[in-house]
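Student: Given only the sequences and the hints, what does the whole structure look like? Please build it.
Protein chains: 4
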Amino acid sequence: MRNTENRFEPQDPDFERKIRDSFARQGLMKHLGAEISALRPGYCEIRATFHAELSQQNGYFHAGVSGAIADSACGYAAFSLAPRDSSVLTVEYKMNLLAPALGKTLIARGSIIRSGKTLKICRGDIFIVNDSAEQLCATTLATIMVLTGKPEHSPS
Amino acid sequence: MRNTENRFEPQDPDFERKIRDSFARQGLMKHLGAEISALRPGYCEIRATFHAELSQQNGYFHAGVSGAIADSACGYAAFSLAPRDSSVLTVEYKMNLLAPALGKTLIARGSIIRSGKTLKICRGDIFIVNDSAEQLCATTLATIMVLTGKPEHSPS
Amino acid sequence: MRNTENRFEPQDPDFERKIRDSFARQGLMKHLGAEISALRPGYCEIRATFHAELSQQNGYFHAGVSGAIADSACGYAAFSLAPRDSSVLTVEYKMNLLAPALGKTLIARGSIIRSGKTLKICRGDIFIVNDSAEQLCATTLATIMVLTGKPEHSPS
Amino acid sequence: MRNTENRFEPQDPDFERKIRDSFARQGLMKHLGAEISALRPGYCEIRATFHAELSQQNGYFHAGVSGAIADSACGYAAFSLAPRDSSVLTVEYKMNLLAPALGKTLIARGSIIRSGKTLKICRGDIFIVNDSAEQLCATTLATIMVLTGKPEHSPS
Chain A
0 MRNTENRFEP QDPDFERKIR DSFARQGLMK HLGAEISALR PGYCEIRATF HAELSQQNGY
60 FHAGVSGAIA DSACGYAAFS LAPRDSSVLT VEYKMNLLAP ALGKTLIARG SIIRSGKTLK
120 ICRGDIFIVN DSAEQLCATT LATIMVLTGK PEHSPS
Chain B
0 MRNTENRFEP QDPDFERKIR DSFARQGLMK HLGAEISALR PGYCEIRATF HAELSQQNGY
60 FHAGVSGAIA DSACGYAAFS LAPRDSSVLT VEYKMNLLAP ALGKTLIARG SIIRSGKTLK
120 ICRGDIFIVN DSAEQLCATT LATIMVLTGK PEHSPS
Chain C
0 MRNTENRFEP QDPDFERKIR DSFARQGLMK HLGAEISALR PGYCEIRATF HAELSQQNGY
60 FHAGVSGAIA DSACGYAAFS LAPRDSSVLT VEYKMNLLAP ALGKTLIARG SIIRSGKTLK
120 ICRGDIFIVN DSAEQLCATT LATIMVLTGK PEHSPS
Chain D
0 MRNTENRFEP QDPDFERKIR DSFARQGLMK HLGAEISALR PGYCEIRATF HAELSQQNGY
60 FHAGVSGAIA DSACGYAAFS LAPRDSSVLT VEYKMNLLAP ALGKTLIARG SIIRSGKTLK
120 ICRGDIFIVN DSAEQLCATT LATIMVLTGK PEHSPS
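Protein chains in written order, with numbering that gives the first Met the number 0: chain A, 0 to 155; chain B, 0 to 155; chain C, 0 to 155; chain D, 0 to 155.
Remember, identical chains collapse to one label, so a pair may be satisfied in a single copy or spanning two.
Below, simulated DSSO-like cross-link-like pairs (lysine-lysine); rule was C-alpha separation at most 30 angstroms, straight line: (1) Lys-29 with Lys-149; (2) Lys-149 with Lys-17; (3) Lys-103 with Lys-116; (4) Lys-103 with Lys-149; (5) Lys-116 with Lys-17; (6) Lys-103 with Lys-29.
Just so you know, these hints were derived from the structure itself, not from any lab.
Everything numeric in this text was worked out from a predicted model, so none of it was measured.
Tutor: Structure representation (structure tokens):
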């Protein structure tokens, strides 16, 4: 609703490269097989394909996978609006699980709903896809903090 | 405080075997290298050892790992108090990150703080361990639902 | 977005009378000067007009007022979909504050996003109104439990 | 547990007067009949006595009252650790309701569990008292932001 109407101006024109570099350093995202599938100012989408290593006991995606990709999607949605030479960290998030995550692809869409200088508030919706039909299976609210003047460590 | 004073009676004397079987079917826990390190009625502890595949961009444990093992710890703390022939599912959880999860071992401790028939409310505290010193690095509150009469699917 | 597309069928055709009776028994809503301003299956809107007794220290609406009317709006959105002879109770909610609630009217809009038999998940958006311009000032996610076969106590 | 072991040093020796002045300006706290019953660095306790104007539909304390006094207790626990010439605002909180708040007195106890420079994370436990027996009836986790260099507005 309101999310799609938001038009954010990035402060760092180089935000996309910065985010893709950072994502590439997240060992967990690689370990889960997750990829950034869309990225624009105030918005980041991450998806993962099901395999048995992402399951909970009944063969669905584990809620931990939903939480992990939603957390990264929200963090990068915030990072896309942060100034150069800054980094971000998750302060907190809350997730409601709405339907079993039973399907082939899991998609987390993080959208900034309030972009303060220090804190960005983000909604993360998680969808499960089957035969190209998407179903909302979880939703999160996250608070992300911008650390201005503290760029991410490089893996030197 | 109050958690350690709680003494819960399991309804299913066989809860430990049931939980260990269920945990073994969670592909994600194996993929993260997580293990149950303590289990008693109303309490479950899960730990993971750091390796690069569990990292976020700065080399700490990814918050998604904290969330995943806390979610499983809370779920199994609840499952330990559920009747035979039931299963559990996470309704929601909220996590506050308190300190960087920089260390060798991550421990999630799930404790039931309210054991209703249908809903169990659980606190999950996550600690990072360095040289045997534990530091609280995140805390969660989770709501778990008991599905009475619906045992977990076997992996047939 | 998706909320506006949801079309819910009430199970109790008499839901509106039931909700208005219940609301009238909520001493706090009267004490806050809050009123139901819209009600339909899966949706409830509650508003309050500013006066000094609803303020925090800087003269805005106190976050407790936002929380209270959002909680009632979400509870009644859930109650509108519950069967006859049932009642509802709030399991938990989480609220993010997005902007100062400085204005004349505060509106909470509760919309069901997942209507399970036992649990209803609800989003509550809170708006502050000034000169007929609405601004989103807080957002909540709430879990509501339906107690089937347990109608509300009458104030006999 | 760990809360009682925390020993915080206030940065502003005058924190108590500052907090009591601020509390006195919260119209809502007065309207609810709430009072600060304990205050020390990193900790604030607020209580309210039941009367019909604080009720939900079944005659218990409305969850909105629990949320409001917990929010203020957490905010002032944070404010007690903030520097002179600062103010605080609630970023978000999450509350789980654990038992019906049926009784004469409601007590919210806010304790800082992580005191960062910009953000304070607080646990708020809410107890219902009957015949001097206290029962935990709700628990919250809250994030509070410190606005350094921005003292509270006076009611001039």
